[in-house]
Amino acid sequence: DTAVSQTPKYLVTQMGNDKSIKCEQNLGHDTMYWYKQDSKKFLKIMFSYNNKELIINETVPNRFSPKSPDKAHLNLHINSLELGDSAVYFCASSQDPGPRQPQHFGDGTRLSIL
Amino acid sequence: KQEVTQIPAALSVPEGENLVLNCSFTDSAIYNLQWFRQDPGKGLTSLLLIQSSQREQTSGRLNASLDKSSGRSTLYIAASQPGDSATYLCAAMEYGNKLVFGAGTILRVKS
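Protein chains in written order, with this note's numbering: chain A, 826 to 939; chain B, 554 to 664.
Simulated from the structure, these hints should not be mistaken for lab results.
Take these hints with a grain of salt, some might be off.
[Unchecked claim] Heads up, simulated DSBU-like pairs for lysine-lysine below, C-alpha to C-alpha not over 30 Å straight-line:
id: 1; chain 1: B; residue 1: Lys621; chain 2: A; residue 2: Lys844
id: 2; chain 1: B; residue 1: Lys554; chain 2: A; residue 2: Lys869
id: 3; chain 1: B; residue 1: Lys663; chain 2: A; residue 2: Lys896
id: 4; chain 1: B; residue 1: Lys651; chain 2: A; residue 2: Lys877
id: 5; chain 1: A; residue 1: Lys892; chain 2: B; residue 2: Lys663
id: 6; chain 1: B; residue 1: Lys651; chain 2: A; residue 2: Lys866
id: 7; chain 1: B; residue 1: Lys651; chain 2: A; residue 2: Lys844
id: 8; chain 1: A; residue 1: Lys892; chain 2: B; residue 2: Lys621
id: 9; chain 1: A; residue 1: Lys892; chain 2: A; residue 2: Lys847
id: 10; chain 1: B; residue 1: Lys621; chain 2: A; residue 2: Lys896
Every value quoted in this text rests on a predicted model; they were computed, and no experiment measured them.
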């Protein structure tokens, strides 16, 4: 009964490839997020969707494209992978995008670019 | 631009000690301040969320305080246990409902 689940947990691939990471939440939340945690352990917001609508889009290369087919899913597609994309990517969800609700995180996807 | 700093970067204490983790932020115009716990290979678990109008929140052995005017928050852990060993992250929610995270404090509680 995992609340926020991401697949795959590990992803090792070559530079230049295209890959996707999937995220699903069973909490009934309206808002979902993607974060990137780099080698220095800083977590940074990338995107946020509320009811399938994009509400936060940070300065992220357009090789990254999020897609939300429904409120319970937010997938992240990455084109033309580069060495600098190696990181842990976390999905999260919250009841709404406001400041009163805590965010619930998945266990992360560790992406390694060879 | 909001910056969040956590001190110390790492802390090792014997079991049973009370301890304080510090978090500072540069822009006091925040909506809330949140503390998370991250275990190795795992995601973040929300511990405490302090709204901008509040001064503190408590949950069990954890107490978090917020002083917006000085740009500081502290997480107090009472009677620490080995199971408290983890990385503790604080995050400030800024305009646009975006969380800005610190780099974390790695806590080790020795039995």
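Hints, one by one, checked against the model:
Of the pairs offered as hints, the one joining Lys621(B) and Lys844(A) is violated, with about 42 Å between alpha carbons and a cut-off of 30 Å exceeded. Between Lys554(B) and Lys869(A) the alpha-carbon distance is near 13 Å, which keeps this suggested pair within the 30 Å criterion. Restraint check for Lys663(B) and Lys896(A): not satisfied, since their Cα atoms lie roughly 43 Å apart, outside the 30 Å limit. A distance of roughly 17 Å separates the Cα atoms of Lys651(B) and Lys877(A); the hinted pair therefore holds under the 30 Å criterion.
Between Lys892(A) and Lys663(B) the CA atoms are separated by roughly 44 Å; this puts the pair beyond 30 Å, and the hint is violated. A threshold of 30 Å between alpha carbons decides the hint, and for Lys651(B) with Lys866(A) the separation of about 18 Å falls inside it, so the pair holds. Distance check on the hinted pair: Lys651(B) and Lys844(A) sit about 26 Å apart at the alpha-carbon level, within 30 Å; holds. Taking the CA atoms of Lys892(A) and Lys621(B), the gap is about 36 Å. The hint is violated against a cut of 30 Å.
With a C-alpha separation of about 10 Å, the suggested pairing of Lys892(A) with Lys847(A) holds against the 30 Å cut-off. Simply put, Lys621(B) and Lys896(A) have alpha-carbon atoms about 34 Å apart, too far for the 30 Å limit, and the pair is violated.
Against the hints set out earlier in the document, violations occur for numbers 1, 3, 5, 8 and 10.
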